[in-house]
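Student: Letter by letter, the chains look like this.
2 protein chains.
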Amino acid sequence: MKALVLVAHGSRRQASNDEVVTLSKLIDEHMKSEFPIIEAGFLELAEPLIPDAIARCVKKGATDVCVVPYFLSAGRHVQEDVPAEVDKARQMHPHIPMDVLPHIGGSAMMIELIKSSVVNR
Amino acid sequence: MKALVLVAHGSRRQASNDEVVTLSKLIDEHMKSEFPIIEAGFLELAEPLIPDAIARCVKKGATDVCVVPYFLSAGRHVQEDVPAEVDKARQMHPHIPMDVLPHIGGSAMMIELIKSSVVNR
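Sequence order for the protein chains is A and B.
Counting along the first sequence from 1, when you hit position 22 you're at 22 in our numbering, and nothing is skipped either side.
Counting along the second sequence from 1, when you hit position 8 you're at 8 in our numbering, and nothing is skipped either side.
Among these hints, one or two may not hold up.
What the hints assert, rightly or not - Straight line, CA to CA, 30 Å or less: simulated BS3-like cross-link-like pairs of lysine-lysine:
#1 A:115 with B:59
#2 A:60 with B:115
#3 A:115 with B:25
#4 B:115 with A:88
#5 A:32 with B:115
#6 B:115 with A:115
#7 A:32 with A:60
#8 B:115 with A:59
#9 A:25 with B:115
#10 B:60 with A:115
#11 B:88 with A:115
#12 A:115 with B:2
#13 A:2 with B:115
#14 A:115 with B:32
The set of hints was computed from the structure by calculation and includes no laboratory data.
Using the sequences and the hints given, assemble the complete structure.
Tutor: Right, here's the structure in full:
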């Protein structure tokens, strides 16, 4: 059973964290067939932290975890910090394959998204 | 002549700023007909700053400026700081209409973008 973890930086502003949770719920509605388990996780400043979000997935029966970094640029957080947190989860659940996808800012679809924002303004 | 300004936070890490400039160039290729002028601008830590990016557009002949906040959450930067910088530009170019669009994290297409990242992994 596949799980998707949407990972954001986390903010002191609760509304920003709520935006991420809301997005994870929307993804849940749209990708239920491919990913029966969806969780949001945070690098810092908010909960659940990444290893805890992954642990939730495992508890729900995940056999395969896909981590999507909800970050715009491929900085240190994306290159080092998120993978390091996923490594912590790997040590706790060594039998579960975990995959960290490219950050969303690198998506080829970003241009289309911006285009649609402008057109629908 | 319409101009689009892609506005990001700006980073001490030059590669992150370069990612934004590269994206603005890709948008330029894809939206040349609708927006003959495209610039990247930064809230802080990188140049050009927002009023300077808008001034560049005006210098190139922009008669209408559309600002796209390249931010994931609707925090203080999106709600207060970016509009305040655009206001500075409005004072310098009072005859040019300037429109600040919603931040890209609020796009209904974000789910599709994440979906495509996962499918194409």
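Student: Return the numbers of the hints above that this structure violates; sort them in rising order.
Tutor: none
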